[in-house]
Amino acid sequence: MTIRLNGDQVELAAPLTIAALLAHLKIDPRLVAVEHNVEVIKRARYETTVVNEGDEVEIVNFVGGG
Amino acid sequence: MTIRLNGDQVELAAPLTIAALLAHLKIDPRLVAVEHNVEVIKRARYETTVVNEGDEVEIVNFVGGG
Amino acid sequence: MTIRLNGDQVELAAPLTIAALLAHLKIDPRLVAVEHNVEVIKRARYETTVVNEGDEVEIVNFVGGG
Amino acid sequence: MTIRLNGDQVELAAPLTIAALLAHLKIDPRLVAVEHNVEVIKRARYETTVVNEGDEVEIVNFVGGG
Amino acid sequence: MHADSLVIAGRTFASRLVVGTGKYPSHAVMAEAHRASGADMVTVAVRRVNLSDRSKESLLDYIDRERIFILPNTAGCYTAEDAVRTARLGREVGLSNWVKLEVLGDEQTLFPDNIALLEATRILVREGFIVLPYTNDDPVICRKLEEAGAAAVMPLGAPIGSGLGIQNPNNIRIIKAQARVPVIVDAGVGTASDAAIAMELGADGVLMNTAIALAGDPVAMASAMRLGVEAGRLAYLAGRIPMRPYATPSSPTTGLVTSGAPEQAGA
Amino acid sequence: MHADSLVIAGRTFASRLVVGTGKYPSHAVMAEAHRASGADMVTVAVRRVNLSDRSKESLLDYIDRERIFILPNTAGCYTAEDAVRTARLGREVGLSNWVKLEVLGDEQTLFPDNIALLEATRILVREGFIVLPYTNDDPVICRKLEEAGAAAVMPLGAPIGSGLGIQNPNNIRIIKAQARVPVIVDAGVGTASDAAIAMELGADGVLMNTAIALAGDPVAMASAMRLGVEAGRLAYLAGRIPMRPYATPSSPTTGLVTSGAPEQAGA
Amino acid sequence: MHADSLVIAGRTFASRLVVGTGKYPSHAVMAEAHRASGADMVTVAVRRVNLSDRSKESLLDYIDRERIFILPNTAGCYTAEDAVRTARLGREVGLSNWVKLEVLGDEQTLFPDNIALLEATRILVREGFIVLPYTNDDPVICRKLEEAGAAAVMPLGAPIGSGLGIQNPNNIRIIKAQARVPVIVDAGVGTASDAAIAMELGADGVLMNTAIALAGDPVAMASAMRLGVEAGRLAYLAGRIPMRPYATPSSPTTGLVTSGAPEQAGA
Amino acid sequence: MHADSLVIAGRTFASRLVVGTGKYPSHAVMAEAHRASGADMVTVAVRRVNLSDRSKESLLDYIDRERIFILPNTAGCYTAEDAVRTARLGREVGLSNWVKLEVLGDEQTLFPDNIALLEATRILVREGFIVLPYTNDDPVICRKLEEAGAAAVMPLGAPIGSGLGIQNPNNIRIIKAQARVPVIVDAGVGTASDAAIAMELGADGVLMNTAIALAGDPVAMASAMRLGVEAGRLAYLAGRIPMRPYATPSSPTTGLVTSGAPEQAGA
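Keeping their order, the protein sequence lines are chains A, B, C, D, E, F, G and H. Heads up: the first sequence at position 29 corresponds to 29 in this note's numbering, and the numbers run straight through without jumps. Heads up: the second sequence at position 2 corresponds to 68 in this note's numbering, and the numbers run straight through without jumps. Heads up: the third sequence at position 23 corresponds to 155 in this note's numbering, and the numbers run straight through without jumps. Heads up: the fourth sequence at position 48 corresponds to 246 in this note's numbering, and the numbers run straight through without jumps. Heads up: the fifth sequence at position 221 corresponds to 485 in this note's numbering, and the numbers run straight through without jumps. Heads up: the sixth sequence at position 127 corresponds to 658 in this note's numbering, and the numbers run straight through without jumps. Heads up: the seventh sequence at position 134 corresponds to 932 in this note's numbering, and the numbers run straight through without jumps. Heads up: the eighth sequence at position 190 corresponds to 1255 in this note's numbering, and the numbers run straight through without jumps.
Simulated from the structure, these hints should not be mistaken for lab results. Since this is a predicted model, take the numbers as computed values, not measurements. One thing to keep in mind: the hints can contain errors.
[Unchecked claim] Okay, derived cross-link-like pairs now, DSS-like style, lysine-lysine, Cα gap no bigger than 30 angstroms in a straight line: (1) D/K224 x F/K587; (2) G/K854 x A/K26; (3) H/K1121 x C/K158.
[Unchecked claim] To give an idea of the interface, some chain E residues facing chain D are shown, with a C-beta separation under 7 angstroms as derived from the structure: (4) M507; (5) S514; (6) S515; (7) P516.
Just so it is clear, CB atoms sit at the ideal spot from N, CA and C, and this is done for glycine as well.
Excised from the complex, chain A in its bound form:
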């Protein structure tokens, strides 16, 4: 299946939770925030929120800024 991840098309084997997606990407969930179809997902819901074909996911973190 294909999702849109941080603006790019990405292929994934099958639907998976946000938690699984982060683990797959080797991203520490404590340092990022995740949007699923333009809705911010609280950390408590990472295990229960499922990413499906065609979904949009944004994973952001803090970078240097002023």
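Here the structure of chain A is known, so what remains is to put chains B, C, D, E, F, G and H in place on it, guided by the hints.
Here is chains B, C, D, E, F, G and H on its own, set in the frame of chain A:
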């Protein structure tokens, strides 16, 4: 009858047109603008617009400003 | 005898040394400088420099300034 | 003979007056001033002042300045 | 010079100086100052006719309407609604559809409420007005006003009547660089050099009232302002020299009749 | 206006702007700029005649001597002796005994050596010269020059040719307040508003060269400077409004046709 | 001094200097500059995780979160919607509900779009955010932001990264005089004296990034800014002397040992 | 930081701030302000002992001579002769051969008479004094003083006690660029940012009296001045960012989570 003219209560004998009101007040209609119940009245309608009991009339002109 | 001391006429009994003058005036010699007839007198010479009739003496110290 | 004219060595046939020198150089005397051995020469003296071997002559005019 | 006229909404003005009609010692002095200023546009306020004392001469008797275009303002209005209402009345008196649009946001500074100003601009443009909004020196709001149909933008140089001069020259320069409508610096000028500075920054015109009306000699100051605006405009068009921290000589550094000191070469 | 002429050493000048003759793109442009400036006094430098190339036109052919008074300078001189020598030569060429006296003390800034300047002033005054010394913006040296017989004092606004404008307005104001001879701001002006500012500070005149000669369009800038000087002078005479940190309205705060919000009262 | 802490929305900060985390030569230099600055609040941006290169160290590893409070910004957002969305994401990363709210209106100046800013402020305040909006130096919009619930107002001193210093000191002073929430001057500071000036105008704090991060020596400049902010704050509290156009002596004018010249009396 | 001491005539000072001893509310406040300022050099005036009232405490009792070096001045002297005489007396009291040399030329401005100052400098240098002359902001006179043997040059920022701040920053910068002895800005500072500006221009130190002594809270202002001098010095050494007329963003312009508007690319 009583109207509100430029913010003050004014007694008039009877309903009258804007044109008549201006004549009564000795005001040259070419130098002023008139609002009747918060609606600007074109000069062409001075003869046909009647001021009745309780109406609000504003008569303004140009004064020095920046 | 009369001397001019800090711009004023001052009466003294008799000629005396700078050291004696300072003692007379109860001035600590370590905090002032002395001019005798427009010549600065080093401290070492206070005992030997004599003030005579008509001499001009200036005694100065440090005051607040910028 | 050699003179120093405006800082440069210049050869001339023989001693000559300032007036003759200016004529030789095709310089209108009304637009310049002349120094002869560091002395300003008034125009009235151009005919009588003679430039000799080794003399220093400066001929100046007005140029653009601020 | 003829080609350098100020054009706003298709109307050509010979002068880039716009002056007010308030606070003069007398109507007569005002009229003379108007002549001295060379201005062919003046601002007026819209106020209730004084019904208790009709003896006062009319302001309009002292404005040479052959030569001078009258620009009604909405001074003193603190809401879009009031400003729109005042503009409509002004249009009816003045027989023109131009308005200097003021919607104030603060009594101490008389700074505009730019949000209400934008709203009023949109309404009045829709009603066919030629809108010249008084705004602050913010390039973003100036662009919004332009997009809303303002015929010019009129950023302030300093608080009205303060005489402080152009407080933020960089902003005026930026506003001008971005604008596609004329930029008139409105408010804050105190003396002739302030007017010149506004024009040197690229402004298309300057609007002022207090600096002339309350000057020691309003007529002389009106002349000074006319000259200041023209001086600044010409200097802007001429192109000024760059600034340098050190000197460069104006006279030649060679050909001196001097004792030949080495420093002359470099002078 | 006639009464407001500049008088130096008994000679009356119609214009308060004095301009230079150096660094113009051409003699023809210079002549046109002189006309545009309105100046009736111009400075020139004294230099050796170019003997190797006599083809060059004379500067004087491009100066309307009927209208314009010529003021020779001693630019480039770094000692009193050289300046005196140059002044004497200039007098002999120019048939007048006036001199703009420069004795420089530094090549980078072209700032004056005020000690040598004072010495040269004394010598030249004794020899009957009308001395206009270029000095720095120091009220004390200006007074010494005046006491030495200078016919005017010419404090700098900024380094020659720098275009930085009046760097220390307070000093120019103080110099004017103390001086009993005319004060001409000489050097540093970059654009028309700088000239206006100098005059608003009370200066009796402004002298400039580079700001006009090296402007993009020297003739237009010469006009701008003329207007700037006149604007500043008139504003000074008219008396400007005081500066205030907050606003004061230009239009009446009563008589508005509005919804009666309380803030109108205070506007 | 303890009593002079900066308090925003009930949270106390020991330092009145807020610094950024962008544009440093390295994370290590940034960390050292943070220490030198004394700041206990720093801004960060919210951006997509770089999925193609996971090797980069995390910014957060270089911020001492024990001591330093993290303020996410919405830099780069040009609509209220984008800014709100970014603020929500920042809250989720940062575990705090504070946001430095930027809604930009222009790419050249990075000046705010105050209308969208006000809208975003209202939305975020309703959602429980502590909103610190970056705005321009307009007292009217600052008051509107305050009324919308902003915890502080952050007027700009000059364009972001320009280093021009406080362009309009009078406006900052007015904003402070009117505000009932803290005023943080955000953007435009170039050097330590600029920071001091901001504080002397009465600002409650200063926020900067480029002036430190791109200084020749960011750590030394961070120290300089800390000192500059403290100097300006103390001077503001101490109460400066008034300005006078002339001198007043610091030393006594009597008691001199001198030849008795009359001028001593007046000195 | 230890390496950044101020060295004058071989003597090392930990602080670059030199303060006065005049005009304080009390000797006790002065002593506390001295501590707060961190200064290790203070100026004093030389005056006749008050013979009619010996009860006054000595100034010296309130100066920590272990830590603070005393610099006698010649304030109030209007001739070289008087200044030399006063300097000699000061040396005799103070047991040091240093002198802050003032030779004034004008009572209103207290500006120096630079010609007499130079003469007095020459005499005192010949007599073995370490001479620190107070002069005006003229690079030429500063170089002459240096050549005459001055151990430092002390150009004024503005009239003594005026609090106007550095009136001509360009001149201070030029003086520093040319000087081979320390440059101490003496007089004119009004608040902490002025001191920072002086140091950012490259000055080696700042001398002040009135700005501290007559501040609302002299002790707090002394701290502010200490911080201001340190801030300016550090900023000067760190190297400030260049000024730009437009903005440059502090946060990345890519990686935003937004609706993909085209303007983000340029932000």
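Against the structure, the hints:
1. D/K224 x F/K587: The given pair, whose Cα atoms are some 13 angstroms apart, holds under the 30 angstroms limit.
2. G/K854 x A/K26: Given pair G/K854, A/K26 holds - Cα atoms ~13 angstroms apart, limit 30 angstroms.
3. H/K1121 x C/K158: holds (13 angstroms)
4. M507: violated (17 angstroms)
5. S514: This interface hint holds because 3 angstroms falls under the 7 angstroms limit.
6. S515: holds (3 angstroms)
7. P516: This interface hint holds because 6 angstroms falls under the 7 angstroms limit.
Checked against the numbered hints above, the structure violates only hint 4.
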